[in-house]
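Number of protein chains: 2
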Amino acid sequence: MKVSRLYMVTGNRHKVEEAKEILERYGVELVQAEARKLEIQSESLEEIALTAARYAYLQLRKPLIVEDAGLFIEALNGFPGPYSSYVYKKIGVEGVLKLMEGVGDRRACFKAAVAYVAPGVERVFTGEVCGRIAREARGSRGFGFDPIFVPEGESRTFAEMSVEEKNRYSHRARAFKRLGEWIVREWWSMRSNSEG
Amino acid sequence: MKVSRLYMVTGNRHKVEEAKEILERYGVELVQAEARKLEIQSESLEEIALTAARYAYLQLRKPLIVEDAGLFIEALNGFPGPYSSYVYKKIGVEGVLKLMEGVGDRRACFKAAVAYVAPGVERVFTGEVCGRIAREARGSRGFGFDPIFVPEGESRTFAEMSVEEKNRYSHRARAFKRLGEWIVREWWSMRSNSEG
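As given, the protein sequences belong to chains A and B, one line each in that order. With the numbering used here applied, the first sequence covers 1 to 196. With the numbering used here applied, the second sequence covers 1 to 196.
It is possible that some hints are incorrect.
Copies of the same chain are indistinguishable here, so a pair counts whether it falls within one copy or spans any two.
[To be verified] Below, simulated DSSO-like cross-link-like pairs (lysine-lysine); rule was C-alpha separation at most 30 angstroms, straight line:
1) Lys20 to Lys98
2) Lys62 to Lys20
3) Lys62 to Lys37
4) Lys37 to Lys89
5) Lys98 to Lys177
6) Lys177 to Lys20
7) Lys98 to Lys62
8) Lys15 to Lys62
9) Lys89 to Lys177
10) Lys20 to Lys37
In case anyone wonders, no lab produced these hints; they're calculated from the structure.
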């Protein structure tokens, strides 16, 4: 399988690690890239990721992706949503657990959007995993709100799983699988066109 | 005094009302204007307001201002800060009161940044008012977190005050006063130059 190189614009090495593990299955070599980031305020992860990817593309002029993700808690009307990393930095998992004290409805979803921009093409792939907010923080792997999120059908939090285990469920893994499948299809159709 | 017309890009009529009350003292006529808004994610209100004002100026090509403000709570590391309106919409004053349950340090500041963009000129004016987070919500005036903010030297919350009373203290009023003073100075210096 042909190896395509793809640049990921992010300062978060955990995200690169998780994405790499998925994309290499599709013959894609992921490389972390630096660019000035334009991150807009929006309730749409797709819009945030796509705007950032377009802006990064103007600087790098290479096929690249930008990923954005957030934790959407049902009982908090979707808070912290697209501002999850800011909220994590300010009030942490303890703050969110405090907001959830005495709240019976623990449903929450992690969502991710991966925007791909290359010459003449723009695509956004999304992924989602639903589950519940744990009663207390558990585990030390992953990052952000991983210690308080338990995916459906599991009893462990994301922070109690290895990267490979987390990727079996995760929103980010789902979005990256869709990207990987699309890249493979594109490559095959380009190959058959050039051979046709 | 010459009346200058200035456009304010916002969807929040409360902000226009508060700003109008200040700016008319300086001979400035404030008009609410519509434009597509580019609001970036940043911990700096100045940067958010200036970027939005530049973007609006590209559309309107008239002297305009964009204001951004937030409530910065000491014990929550500055949360909700620039994301105050999003946080208000999602978890409300009740959510913030819950985060502050059992917290002795109630110190907080409201901050505002007003960015002015006109042909060949860009300026940002800031204002701040410090005080404390009330133990419970009081009052029905104003908007956002006004019902839980008590400015230093007062016992009432912002939501228990009229626009005129709030403007005696408020972060927004302070930023707008600085803008008003600057506009008056600019106008006098332009007038003396043209007469000199």
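Comparing the hints with the structure gives:
1. Lys20 to Lys98: For Lys20 and Lys98, neither the intra-copy (34 angstroms) nor the inter-copy (40 angstroms) Cα distance is at most 30 angstroms.
2. Lys62 to Lys20: within (18 angstroms within a copy, 48 angstroms between copies)
3. Lys62 to Lys37: both (15 angstroms within a copy, 28 angstroms between copies)
4. Lys37 to Lys89: The answer is both: 18 angstroms in one copy and 26 angstroms across copies each meet 30 angstroms.
5. Lys98 to Lys177: neither (34 angstroms within a copy, 39 angstroms between copies)
6. Lys177 to Lys20: Within one copy only: 11 angstroms inside a chain, 53 angstroms across chains, cut-off 30 angstroms.
7. Lys98 to Lys62: Answer is neither: 44 angstroms inside a copy and 47 angstroms across each miss the 30 angstroms cutoff.
8. Lys15 to Lys62: So Lys15 and Lys62 pass the 30 angstroms test inside one copy only (20 angstroms; across, 43 angstroms).
9. Lys89 to Lys177: within (29 angstroms within a copy, 33 angstroms between copies)
10. Lys20 to Lys37: Result: close within a single copy only, 21 angstroms intra versus 35 angstroms inter.
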